[in-house]
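Q: Just so you know, the protein sequences line up as chains F and A, in that order. For the first sequence, position 459 matches number 459 in my numbering, and the numbering has no gaps at all. For the second sequence, position 297 matches number 297 in my numbering, and the numbering has no gaps at all.
What the hints contain is simulated information worked out from the structure, not anything from laboratory work. It cannot be assumed that every hint is accurate.
In silico PhoX-like pairs for lysine-lysine, Cα to Cα no more than 25 Å straight-line [stated by the list, open to error]:
1. A:LYS383 <-> A:LYS316
2. F:LYS353 <-> A:LYS100
3. A:LYS420 <-> A:LYS209
4. A:LYS310 <-> A:LYS439
5. F:LYS223 <-> A:LYS282
6. A:LYS138 <-> A:LYS173
7. A:LYS15 <-> A:LYS209
8. A:LYS161 <-> A:LYS114
9. F:LYS391 <-> F:LYS315
10. F:LYS223 <-> A:LYS316
11. A:LYS114 <-> A:LYS100
12. F:LYS98 <-> A:LYS114
13. A:LYS204 <-> A:LYS144
14. F:LYS223 <-> A:LYS10
15. A:LYS10 <-> A:LYS116
Far from chain F, some chain A residues (derived; all Cβ distances over 12 Å) [said to hold, decoys possible]:
16. GLY16
17. LEU92
18. LEU106
19. HIS113
20. LYS282
21. SER378
22. PRO442
23. ARG443
Ideal Cβ placement from N, Cα and C applies to all residues, glycine included.
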Amino acid sequence: MSTDLKVLKPPAPNFVSTRNPCKLCAPLGASLVMRGIEGGVPFLHGSQGCATYMRRYIISHFREPMDIAASGFSEASTIFGGGPNLMQGLSNVTEQYKPSLIGIATTCLTETIGEDVRQILHGYRESREGANAPELVHVSTPSYSGTHLDGFHAAVRSTVEQLAVAPASAIPCSENVNLFPGMLSPADFRHLKEIVADFNLPLTLFPDYSETLDSPVLEHYAKIPAGGTPIARLRAVASSSASIEFGRALRAKTTAASFLQERFGVKAHRIGVPIGVRETDAFFSVLSAISGQDTPEAYTLERGRLLDSYVDGHKYVFGKRALVFGNEDVVIGLASLLSEIGVVPVLCTAGGKSAGFASSIAEVTADCIEPVVARDGLDFMTMGEMARDLKLDFLIGSSKGAALSRELGVPLIRVDFPIHDRIGGQRILHVGYRGAQQLFDLVVNTVLERKQDSSPVGYSYM
Amino acid sequence: MADILRERSKQVYRKGQEAFQLDCEKPSAAGSVSQRACVFCGSRVVLYPIADALHVVHGPIGCASYTWDIRGALSSGPQIHRLSFSTDLQELDVIQGGEKKLYAALCELIDAHKPKAAFIYATCIVGVIGDDVEAVCKKVSQEKDIPVLPVHSEGFKGTKKDGYRAACDALYKLIGTGNTDSVTPMSINILGDFNLAGEIWTIKEYYRKMGVEVVSCITGDGRVDEIRRAHGAALNVVQCSGSMTHLARSLQERWGTPFIQVSYFGIEDMSQALYDVARFFKNDEIMARAQNLVRNELQHIMPEIASYRKKLQGAKAAIYVGGAFKAFSLVRALRHLGMTTVMVGSQTGNREDYELLRELCDEGTIIVDDSNPLELSSFLQEKDVDVFIGGVKERPIAYKLGIGFCDHNHERKEALAGFKGMLNFAREVYSSVASPVWKLMPRRRADFGENSISEVAG
Numbered sequence: 001m002s003t004d005l006k007v008l009k010p011p012a013p014n015f016v017s018t019r020n021p022c023k024l025c026a027p028l029g030a031s032l033v034m035r036g037i038e039g040g041v042p043f044l045h046g047s048q049g050c051a052t053y054m055r056r057y058i059i060s061h062f063r064e065p066m067d068i069a070a071s072g073f074s075e076a077s078t079i080f081g082g083g084p085n086l087m088q089g090l091s092n093v094t095e096q097y098k099p100s101l102i103g104i105a106t107t108c109l110t111e112t113i114g115e116d117v118r119q120i121l122h123g124y125r126e127s128r129e130g131a132n133a134p135e136l137v138h139v140s141t142p143s144y145s146g147t148h149l150d151g152f153h154a155a156v157r158s159t160v161e162q163l164a165v166a167p168a169s170a171i172p173c174s175e176n177v178n179l180f181p182g183m184l185s186p187a188d189f190r191h192l193k194e195i196v197a198d199f200n201l202p203l204t205l206f207p208d209y210s211e212t213l214d215s216p217v218l219e220h221y222a223k224i225p226a227g228g229t230p231i232a233r234l235r236a237v238a239s240s241s242a243s244i245e246f247g248r249a250l251r252a253k254t255t256a257a258s259f260l261q262e263r264f265g266v267k268a269h270r271i272g273v274p275i276g277v278r279e280t281d282a283f284f285s286v287l288s289a290i291s292g293q294d295t296p297e298a299y300t301l302e303r304g305r306l307l308d309s310y311v312d313g314h315k316y317v318f319g320k321r322a323l324v325f326g327n328e329d330v331v332i333g334l335a336s337l338l339s340e341i342g343v344v345p346v347l348c349t350a351g352g353k354s355a356g357f358a359s360s361i362a363e364v365t366a367d368c369i370e371p372v373v374a375r376d377g378l379d380f381m382t383m384g385e386m387a388r389d390l391k392l393d394f395l396i397g398s399s400k401g402a403a404l405s406r407e408l409g410v411p412l413i414r415v416d417f418p419i420h421d422r423i424g425g426q427r428i429l430h431v432g433y434r435g436a437q438q439l440f441d442l443v444v445n446t447v448l449e450r451k452q453d454s455s456p457v458g459y460s461y462m
Numbered sequence: 001m002a003d004i005l006r007e008r009s010k011q012v013y014r015k016g017q018e019a020f021q022l023d024c025e026k027p028s029a030a031g032s033v034s035q036r037a038c039v040f041c042g043s044r045v046v047l048y049p050i051a052d053a054l055h056v057v058h059g060p061i062g063c064a065s066y067t068w069d070i071r072g073a074l075s076s077g078p079q080i081h082r083l084s085f086s087t088d089l090q091e092l093d094v095i096q097g098g099e100k101k102l103y104a105a106l107c108e109l110i111d112a113h114k115p116k117a118a119f120i121y122a123t124c125i126v127g128v129i130g131d132d133v134e135a136v137c138k139k140v141s142q143e144k145d146i147p148v149l150p151v152h153s154e155g156f157k158g159t160k161k162d163g164y165r166a167a168c169d170a171l172y173k174l175i176g177t178g179n180t181d182s183v184t185p186m187s188i189n190i191l192g193d194f195n196l197a198g199e200i201w202t203i204k205e206y207y208r209k210m211g212v213e214v215v216s217c218i219t220g221d222g223r224v225d226e227i228r229r230a231h232g233a234a235l236n237v238v239q240c241s242g243s244m245t246h247l248a249r250s251l252q253e254r255w256g257t258p259f260i261q262v263s264y265f266g267i268e269d270m271s272q273a274l275y276d277v278a279r280f281f282k283n284d285e286i287m288a289r290a291q292n293l294v295r296n297e298l299q300h301i302m303p304e305i306a307s308y309r310k311k312l313q314g315a316k317a318a319i320y321v322g323g324a325f326k327a328f329s330l331v332r333a334l335r336h337l338g339m340t341t342v343m344v345g346s347q348t349g350n351r352e353d354y355e356l357l358r359e360l361c362d363e364g365t366i367i368v369d370d371s372n373p374l375e376l377s378s379f380l381q382e383k384d385v386d387v388f389i390g391g392v393k394e395r396p397i398a399y400k401l402g403i404g405f406c407d408h409n410h411e412r413k414e415a416l417a418g419f420k421g422m423l424n425f426a427r428e429v430y431s432s433v434a435s436p437v438w439k440l441m442p443r444r445r446a447d448f449g450e451n452s453i454s455e456v457a458g
């Protein structure tokens, strides 16, 4: 035990530079959110390259068209301001796409030169009055502050702040529930909608790119793919009976849900991303409390089968050691799942920084038989340096861990975002009992496969 | 028909219908969702394959994240180029300036990785916050005794082409600093091949067989010390003219090295490249070896190519690529496979490029400059295309419509250059067109209905 503890004392990362980053910039997260609004087109106020790079990155994961417009800054705009470019860009997007909404995110360049986007949009709206103009929302996403995950949460909050209409009376006037799930997969979003519908609760899921970034093959190209959170529902979020938001690491941050609670008295339930049995139980009990209904039988059965498989597989994974990396919210969820099945997530890391990260990891891994180290703001090279002596059995996180997995000779279980070296990233289900079942099978089978592959005998019964 | 933005109407041309006049080389229309990237992208893709150099992105994190290990550019030795380094500027750095951070980052990374040179990419905000990157590079260069070269690649300062230029300027500073005593008279530099999927190894082998020495590869499988002696070569052979002609011109002015433009893609262009080099040296033996090489290679690949040609006869292709030079080769190579090009476009072509494309293409072909997803999708539908050739950003446009697609961009993992590459290309086009999945797609619904399997009888 004492030697293990010594091993677990990771060297302090002492590099000034970021080496093989485990994060992206804030406007990428905002673009995903804007893509999750019905009739929405994401728009970046900045250089053309920002939009193109983020499109390429997102396309490679979802394998779907992802149009992000840009104001296309030039040298002149940097000196004289990008207002004219922004307005011209909005007009062109309106003409070409006929969107219901354009979601404008800033970039490091426009933030550094101090563009007043709010003011420019105000002027633009006035000049277009009467015309059939799309709704405009904007979010400040300087890339030098926070990560794509912060950009994602900021875009959710800003959109809600700008679209929510005060309800006619102080009492919640609808049964509706708001759900702010954070950055999950289309498969997750579809499953969440199914679960809430089975509690007979009307739902506003925001964002919702379950269809816009995972759509059927088409006969005729859709300028803007069908699906997304309807704008009318976003306007009505302040009239909902409650909000649920996922993300333990969000503590102390102003979010869409906390804004709606403070401003309009919509009760906010903040829970972890429902990954694994315990975190999913918490989600179901919130839904039970809001709806006054018990968990539907189909889910009780799903949960029962999941626990049954935990029994079947517990021996294979007990005491195995994992490195978890990625987005704070998902990493905490994965750590919770791993610790409830007996795997020790010896090093839990995130590229971004969240005040609640370390304490959340400590909470969800309290039962672990060995100490767990939580570190946020980490890059892959530092992670690798810390992991070298950790005797890992597997890594779990996005495909950006592939190089590290190769270097360490330890398998990588691909989840979360981005998945750039396999297909099906959009179909990975993380949440609910069903998601836990898929993840559990994946974890156990990875461990078994490794054991079989490295065995001189190669047993065909395991 | 496509909804084409008014300000873009002169950037689309249909051969045969109107007098040829295509607008190009202008900034992308704001909000048009151009497929173009930025200055930084241009610099980064050109310098990326130099494998023993350190590449440090100075700026906030995004630009480094999006370019980590993205090119299929292989190295036969060091792999430093496949790592992603950034100064990851934070709010405080933006206020106080990033010079100190850049200095510290460079020192630690050079100590840790021992590169032969370092390229420092200045991204959008670096100039705005007033960092003197030049001064920091100079200081580090003196202290660490390696070339530390600033690349002025602020994204907004033009287009990808300006980024190529910035990369060429950095390379230019490196060239001429090495010893050329051992360089032979029959020698060349390969410019503008990036060793995607090992292509430059194939090309180098051709030149070796001809008896021509390759002094340096700029930049595929590139090495700093080789590049430093590039001025010793007798000829610069330039592929990807959009990115490298600037460097070739500068070298001609400074060192008097002549250059020729070639393409290694497709049978005609590949053979032509070898003959042009042989012709330059006015050496019968080299020419004889080149002819021999071409004959042998063709004998080897032609039977299989002919079999694909039979199956691909009459299939329709669309092309959208970064530089127009690549499009010329593609049109010719597709014709070789019995296919017609019904749409062709590029991000950065110039007037001469498009004039040449017009001459090359059949009546009715759509020629487009700096297109966008909405236009491209409408062209694919209008022309009922069988296979679309482009890069990652074009792929989902084709796939969403249930249309075949071939990647011809810098991220691909298939070697398409050389004679072997032509065979790979033919195989890939064939497997893209012949896959049975297209028969199930909505746009082939009519065919599907006729051929679908009904209930088992009786």
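Q: So which of the earlier hints does this model not fit?
A: 5, 7, 8, 12, 13, 15, 17, 18, 19, 21, 22 and 23
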